[in-house]
Amino acid sequence: MPIDFEVPEDVKNQGNLTQMVAEQVMRKSSRYYDEHEHERPMEYINFIWPFMKTMEAANLKHSLKRADKGNGNGNGHKKASTAQVGMIHLIESLSWGDAGIYLSTPSSALAGAAIQAVGTPDQKERFLDRFTHGEPKWGAMAMTEPNAGSDTSAIRTRAKLDPETNEWVLNGEKIFVTNGKLALEESDGLIVVWATLDPSLGRAGMRPFVVEAGAPGVTVTKQEHKLGIRASDTVSIVFEDARIPYDNILGSPELKKPGAKTEKGFKGAMRTFDSSRPFVAASALGVGRAALEFTRQKLAEEGITVPEAAPYHKLSAIQRDLIQMEADLKAAWLLTVRAGALMDAGKPNSLEASMCKVKAGKSVTTITQKCVELLGPLGYSREFLVEKWMRDAKINDIFEGTGQINTLIVARRILGYSRRELK
Amino acid sequence: MYTFDLTDEQRMLTDMVHRYSERTLRKIYREAEESHELPPEVIEQGWELGLLPASLPEDYGGFGEYSALNGALIAEELGYGDMAASLALLAPNLVATPIYLCGTEEQKQTYLPLFTDAEPPKAASAFLEPVILFDPYQLRATARREGDAYVLNGKKAMVINAPEAELFLIYAHDEKADSPQAFLVPTPAEGLSIGEREKWMGFNALKTFGVELKDVRVPAVNRLGGAAGIDVQRILNSSRIALSALGVGLARAAYEYARDYAKERVAFGEPIAHRQSIAFMLAEMAIDIDATRLMVWEAAWKLDKGQNATHDAYLAARYATHVSLKVTDGAVQVLGGHGYIREHPVELWLRNARSLATLLGAVTV
Ligand SMILES: Cc1cc2nc3c(=O)[nH]c(=O)nc-3n(C[C@H](O)[C@H](O)[C@H](O)COP(=O)(O)OP(=O)(O)OC[C@H]3O[C@@H](n4cnc5c(N)ncnc54)[C@H](O)[C@@H]3O)c2cc1C
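Protein sequence lines correspond, in order, to chains A and B. Taking my numbering, the leading residue of the first sequence gets 1, the next gets one more, and so forth. Taking my numbering, the leading residue of the second sequence gets 1001, the next gets one more, and so forth.
Some hints here could point you the wrong way.
Said to hold, decoys possible - Below are the EDC-like pairs computed for lysine to aspartate or glutamate, each with C-alpha atoms no more than 16 Å apart in a straight line: (1) B:K1214 - B:D1178; (2) A:K160 - A:D68; (3) B:K1305 - A:D4; (4) B:K1305 - A:E6; (5) A:K61 - A:D122; (6) A:K222 - A:D247; (7) A:K362 - A:E326; (8) B:K1263 - A:E186; (9) A:K423 - B:E1190; (10) A:K28 - A:E43; (11) A:K65 - A:E125; (12) A:K53 - A:E125; (13) B:K1207 - B:E1164; (14) A:K61 - A:E6; (15) A:K347 - B:E1164; (16) A:K314 - B:D1135; (17) A:K124 - A:D68; (18) B:K1199 - B:E1343.
What the hints assert, rightly or not - In silico negatives: residues of chain B with every beta carbon more than 10 Å from chain A: (19) P1136; (20) H1173; (21) G1195; (22) W1200.
Stated by the list, open to error - Residues of chain A clear of chain B, computed beta-carbon distances all greater than 12 Å: (23) H38; (24) M55; (25) A331; (26) T407.
Hints are computed from structural coordinates only; laboratory data are not their basis. Treat the numbers as computed from the prediction; the structure is a model and nothing was measured. Note that CB positions come from ideal geometry on N, CA and C, so glycine has one too.
Using the sequences plus the hints, can you model the full thing?
If you want it as structure tokens, here you go:
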């Protein structure tokens, strides 16, 4: 296939509806949910759920069919798909509407991605079917702990097998779980929890487990108050002798020594980052575009526009800033689309996924801060959304691997270094 | 549908130019820089690759078609080799491409076949001017209509290989049209004088000259594009894309050099690349280079599809200027004191990168 920047037809077609939701449903309630943290954006949730459950049903059907055909349950992607770039466009537009509300989208989300990546056909059926019908439901991913953020190998949540009941028993605390309360207490959802079978083994001892709403011993203990994306649910979850069925482990329970070939469950679930990082980048870029568009519009009302392709010395500092911001957004967008297109083509994209995440996270953080500056009192005022967008934007440089962690991943890849060589 | 793969032909093309860059340009660039002279056989070899004829259709003696995207792919590979040689090699394109894009049919028939000969043509473009605050839309050199002729006045800078030129393409502000226009000026031309060889911070192997125009009379038919004249934006777009791609190649050269060096160089008992402050610089270089390349490709792709690429080319040029400077500077930093010494190429690449802002006609500061 040649070099081509054309937006795929089906992706273009989805644009109108998305734009409508973003403008009519999300933007209108943006400020409200920013100021009423922990309330749920139900208009959006109810509006989007029918679309999400249809999409979930299609994904599940497709994935079961693939397994049926004997393609295994791995990461074989359909050739010439537009699924990733379609999601990237969708997320960018929804986040242009409101990034916090977008994060509240009812779906299997990161939990679904992990189950899709490493679950058996039976597990997929058992866990993911609920997202295809009935009331809105949420999936969530719980990795981070009070003493383990970037260094995921430091997690201490323990999973032990109770041979008598053939159940896993979980003990520990997870924090910052996006949509954790929605998944466990406000819907019949589920979360994927990372726990260790043997802390002395580091990563090799870690496994993802599926914990469904209603599991005994699981408590949502805290709802965070945040800088931004306040419409998004962020909670702590404590496991006290929480019991889940044996079959809720994703991947094999067999342990290998560290250094031995890493177990498929861990690697497979980690590979979900290859698709989720471009999604985070896309979300950042939606916020960045919102801020830049608004800033441009307000400046235009004051008579400040950017002449096309003008020599630099003819431009004011503000005009230069506008050009720089636009160029940064474009650069990050192209990196993001590339990461998605590679995955759609069934090609490896870990490097590109981290690249776009770094670029988008950093650019949009800077852009939104600059927009607040350029707009003076209007930028700083809570009468407008720019100050909120600046607060919302920042999360994209933090979750799904901070800017530094993704830079580290890029650096290791380009240098051909292991974790040990480049810490 | 988003795809970012080269076609088989494009792959062959870039491989071929890459080999030339790696095996030929990278062998001679330092000696050429220090002696202020490019070996003529190196340029001849480059010419033999047939890059320019491959960008012209058969009607005009070529064997391909104009493609900004292919031009960008070629320019990146050349830029990866050496900037002075790239510019010397691409100098005829700066005349041929505007003729192809904006010339009348008759001008194309007359001039373009000159660019398909076995010998490199002796043609030079004169666009830049020796002024600060250069504005490509408001040139200070002037063209005044007098009867059947235009009379050109003013000063031009950075004219490559001017003394040998048999044909100049000279840009000047057409007073009547109130826009920049281009004039085909064969030599010898009365009133046209060539100054001393110019001295620059970088690419010293490239021979460039100032050109002064004092009442140079050119037949009116030699105005490029005839009565319609030229749309300077089309020419700027295509040259911005090519120069930006050159910048991407230059940055890539510096990045790869620094990366390989950092894995070898030991300090405090470990390769310096084991340290994040070095490794992160390299990672950011890689990200910025990829981003710039995508911006260049998108602009070129739009141009080839006949879409308006002005803004895209402008943003790409801006990015390329910044990124090539940042990356080459970073490469010197990664090499430390050794980067400052002329035994390594990075100091030259930093000097070369600084030229892009100037060459790109003041799109950036
Ligand atoms: C709103 C929100 C939602 C979240 N949602 C989820 C979720 O759904 N599920 C989940 O599991 N987690 C979630 N997280 C957690 C998030 O992924 C972590 O906060 C993040 O990975 C960073 O971990 P930390 O906060 O412990 O910071 P730390 O790991 O303590 O890092 C502190 C600083 O040190 C830097 N640093 C750390 N190690 C290195 C290194 N080796 N080299 C260079 N710099 C380094 C970091 O980049 C950072 O700047 C969420 C967080 C927030 C704020």
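Consistency of the hints with the structure:
1. B:K1214 - B:D1178: violated (20 Å)
2. A:K160 - A:D68: violated (32 Å)
3. B:K1305 - A:D4: holds (10 Å)
4. B:K1305 - A:E6: Distance ~11 Å between B:K1305 and A:E6 Cα, so the pair holds.
5. A:K61 - A:D122: holds (12 Å)
6. A:K222 - A:D247: Not satisfied, since the Cα-Cα distance of roughly 29 Å exceeds 16 Å.
7. A:K362 - A:E326: Roughly 14 Å separates the two Cα atoms, so the pair holds.
8. B:K1263 - A:E186: violated (52 Å)
9. A:K423 - B:E1190: violated (68 Å)
10. A:K28 - A:E43: holds (11 Å)
11. A:K65 - A:E125: holds (12 Å)
12. A:K53 - A:E125: Holds, at about 14 Å.
13. B:K1207 - B:E1164: holds (11 Å)
14. A:K61 - A:E6: violated (29 Å)
15. A:K347 - B:E1164: Not satisfied, since the Cα-Cα distance of roughly 51 Å exceeds 16 Å.
16. A:K314 - B:D1135: Status holds; Cα separation ~9 Å.
17. A:K124 - A:D68: Roughly 13 Å between the alpha carbons, so the hint for A:K124 and A:D68 holds.
18. B:K1199 - B:E1343: violated (21 Å)
19. P1136: Incorrect as stated: the minimum Cβ-Cβ distance to chain A is 7 Å, not above 10 Å.
20. H1173: With a cut-off of 10 Å, B:H1173 remains clear of chain A, as the shortest Cβ separation is near 14 Å.
21. G1195: Its Cβ never comes within 10 Å of chain A, the nearest being 25 Å, so this holds.
22. W1200: At roughly 20 Å from the nearest Cβ of chain A, B:W1200 sits farther out than 10 Å, so the non-interface label holds.
23. H38: Non-interface label stands for A:H38: nearest chain B Cβ at 37 Å, farther than 12 Å.
24. M55: Given that every Cβ of chain B is farther than 12 Å from that of A:M55, nearest at about 20 Å, it holds.
25. A331: violated (4 Å)
26. T407: Since the minimum Cβ distance to chain B is about 5 Å, A:T407 lies within 12 Å and the statement is violated.
Of the numbered hints listed earlier, those contradicted by the structure are 1, 2, 6, 8, 9, 14, 15, 18, 19, 25, 26.
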